[in-house]
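Starting from the given sequences, assemble the full structure and let the hints guide the process.
In order, the protein sequence lines correspond to chains A and B.
FYI, the numbering for the first sequence is 739 to 1075, going by our numbering.
FYI, the numbering for the second sequence is 739 to 1075, going by our numbering.
Just so you know, not all the hints are guaranteed correct.
Heads up, the list lumps identical chains together, so a pair's fine if it works in one copy or across two of them.
To be verified - Using 20 Å as the maximum straight-line C-alpha spacing, the simulated EDC-like pairs for lysine to aspartate or glutamate come out as follows:
#1 Lys985 to Asp1014
#2 Lys757 to Glu798
#3 Lys985 to Glu1003
#4 Lys985 to Glu1011
#5 Lys931 to Asp761
What the hints contain is simulated information worked out from the structure, not anything from laboratory work.
Here the structure is a predicted model, which is why all the values come from computation and not from measurement.
Protein chains: 2
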Amino acid sequence: MRIGVDAMGGDFAPAGVVKGALDAEGLLGDDDKIVLIGDESAIREHLAEADGHERFIRIEHAGEVIGMDESPVEALRQKPGSSIAKMATLAAAGELDAIISAGNTGACVAAAQMRLRRLRGVHRPGIAIITPTYAGPVIMCDVGANVNCRPEHLYQYGLMSAEYSRCICGIAEPRVALLSIGSEDAKGNQLVKETRELFKNDPEVKFVGNVEGSDMFHGACDVVVTEGFVGNVALKLMEGLAEGLFKSTYLELTRLNPDLASQFEHAITTIREKYDFNEYGGAPLLGVNGICIICHGASQARGITNAIGVTLDFAETHINDRITERLGRRRQSGDDS
Amino acid sequence: MRIGVDAMGGDFAPAGVVKGALDAEGLLGDDDKIVLIGDESAIREHLAEADGHERFIRIEHAGEVIGMDESPVEALRQKPGSSIAKMATLAAAGELDAIISAGNTGACVAAAQMRLRRLRGVHRPGIAIITPTYAGPVIMCDVGANVNCRPEHLYQYGLMSAEYSRCICGIAEPRVALLSIGSEDAKGNQLVKETRELFKNDPEVKFVGNVEGSDMFHGACDVVVTEGFVGNVALKLMEGLAEGLFKSTYLELTRLNPDLASQFEHAITTIREKYDFNEYGGAPLLGVNGICIICHGASQARGITNAIGVTLDFAETHINDRITERLGRRRQSGDDS
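Quick look at the structure:
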C-alpha cells in the first residue's frame, strides 16, 4: 500500500517525521511505500544520510504548512498547497491508500472528511484512541473530531469502535459503555440519555450502560463512547495527570532516598512508556472512506513509526469493510436512518 | 457555629461519619457544635464509647435515608424525613449554620438550592474542588451540580471560585481559565466561546484564556471553569487514573525488585495521600445562601473530619460575603443581568 505521511506536521517535523518513516522500513511489505509530503528540500536533507531509502520512500512536494494553531477550515481554504491539503487530495485521487499526520488535528479531520468523504451510512467520523489500563486496553471515541454531537453520532461511535476493538485488540464481544456522571439511567445530560436508548434498542451491541471516568480504569468496558469535547478534555487530562504523577512520584522517591530513587527510574520509565502516546502511534479517524491516522502533535520518530504500523494493521484487518457491513445491517433492520 | 452533618450519607455511614465528627473535636471553638442528623439509635451506638461527646455533639433524628442511586428531586419529594431533607430544612430555619453530606450529591445540591436558596445575584450554584498538582492547588468548578450550563453560569463560577481561591488558597490574584480543547480562540464548543467573551469583558478577572486538561497540571491557572458534566467526568477520571497509575507503579516496582519495592510503599503512600479526596475533606457548593459542603461518597472518618475543617475555614473567611459583594459590583457596572 502507499502510505502518505505529512512530513511537516507536529512539533518534531520534519526531522522526527522523516526519521520515523525511515525506521518503519522493517514493518513494510514488498509492495508498501511511504510517501513523504512536504517541503522537498527539507525532506531530502533529512533523508540524505539514509542509504537505500529510495526502495521504500518517495517525496511529494508541498510548499505550504498549516500551523498547529490555525483555524482548520480557513487554513485549508487559504493553503491548498499545504501538506495536509495535498495529502488528502492525493488520497481522494486514489494515489495514496492511507494518510498520517501529526499536524493540526482539526485541519486533518476536515481535509479527510472533505476529500475522502464518509463510509456509507456514517453520520460523523470520530477519532478513536486506545487507553492503556492495568485491566487492558480501552478504546475511547471520539476525542476531538466532532464537538457538535447528536445521539446517533455517539451511537455510531460505539458500533465503529467495537469493530476496531475486535480487529485491533482481539476482543470478540467488546463491552460498549457511555461516559457519564453516574451509572444510573437518570444521570447524565440529554445527549447521554438519548444515546443510551439507541444502544439499548440494538441487541447486537454488548452495551454495559453508563460508566464514570474512574470505571474505565477498572475493567468495566472495552469501548467508551463520548462526544469530542469531553473526549478531548479527558485525553489531555489523562496525559497531564499521568505526567504530573510520574514527576511527583520521582521527586518523592528522590526526597526519601536519593540512592535508591535512581534504581527506580527504570521502573517508572517502563510504566511511563505504557502510557506514552508514542507507543500507540496514532489514532484512526473512524468512519472516513479511507485510512486516516491522527498522531499526537508531540509525536517523536517512534510515534510516527508506530503510526505506520497502526496503518498497516488497520488496512490488513479490513476494519472499514466491517464498519460498512455493520452499519448496513443496522440500516436494513430499519432502526437507523 | 452549628454544623449539621448527614450521619447517613456515604459508603461508610453512619460509623465513619460519627467517628469523623468525634475526631473533629480539636478543630472546634467553644461555640462550635456538631449536629449529627440521622437514625438516632444507630448514631448513639457509635457514640457510646466516646466520653464527653455531649460537649460538642448533638443528634437530630431523621428516620429516612436517600440512597446514593436515587433520583435526587424525586427522592427529596418522597422522603421529607430523610437526613438530607431534614438537614436542609433545619439550615433554612436558621437552626444550622452549615451542612455537610457524603450522601447522594444530586439530592444534597437540590435540597440546598431549594431550602437555602441562592446568594443574591447567583444564577446557579457550582461545586468547587481543589485539585492538587505539583505546581500548587487548582480549583475546578463545577464538578457536577449543574449539567445544563449557560455562559453566564460558567462566568459566575469563575468569579465565585476566584473568591474561594483568595480565601482558601491565599492567592491574591487567581488566574482564571476555561477548560477547553485548545488554547486558541477558535477552539472549543459554543458554550466555551460565549463564556470566553464574558470573561474578556470583565477587567476585574485575571482571565488567562482557554486551557487544555494537561495545562492545569503545569501551573497554567489557579481556577479552571467548566460545566458540571465535563467537570464530573474529569474528576472521576482523575481519581481512576491516579489509582490505576499507583497500582501499576507498585506492581512494576515489585516485579523489578520485590525487596526494594516495600521500601517505596511509603513514598507512594505519601503521594497518594496528596491526591486523596479524604485529605481535602469536602467541596463547597458555591453560590448557595449558606454553607453546604459536599463530601465524596467514599469518604472515611478522616474525610468527614477534614470537611468540618473546610466548613470552619469557609465560615471564618466570609467567602459568601465576598461573592455577594463581587457579583454586586459586577451588576452595578451593568454588564451582568
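So, going through the hints one by one against the coordinates:
1. Proximity of Lys985 to Asp1014 under the C-alpha cut-off of 20 Å is found in both arrangements, the shortest distances being 14 Å within a copy and 17 Å between copies.
2. Only within a single protomer do Lys757 and Glu798 lie at most 20 Å apart by alpha-carbon distance; the minimum there is 17 Å, versus 71 Å between protomers.
3. Taking the closest pair of Cα atoms, Lys985 and Glu1003 come within 20 Å of each other both inside a single copy (11 Å) and across two copies (16 Å).
4. In this homomeric assembly, Lys985 and Glu1011 come within 20 Å of each other (Cα to Cα) both inside a single copy, at 14 Å, and across copies, at 15 Å.
5. With identical chains, the CA atoms of Lys931 and Asp761 are never at most 20 Å apart, being 46 Å at best within one copy and 42 Å at best between copies.
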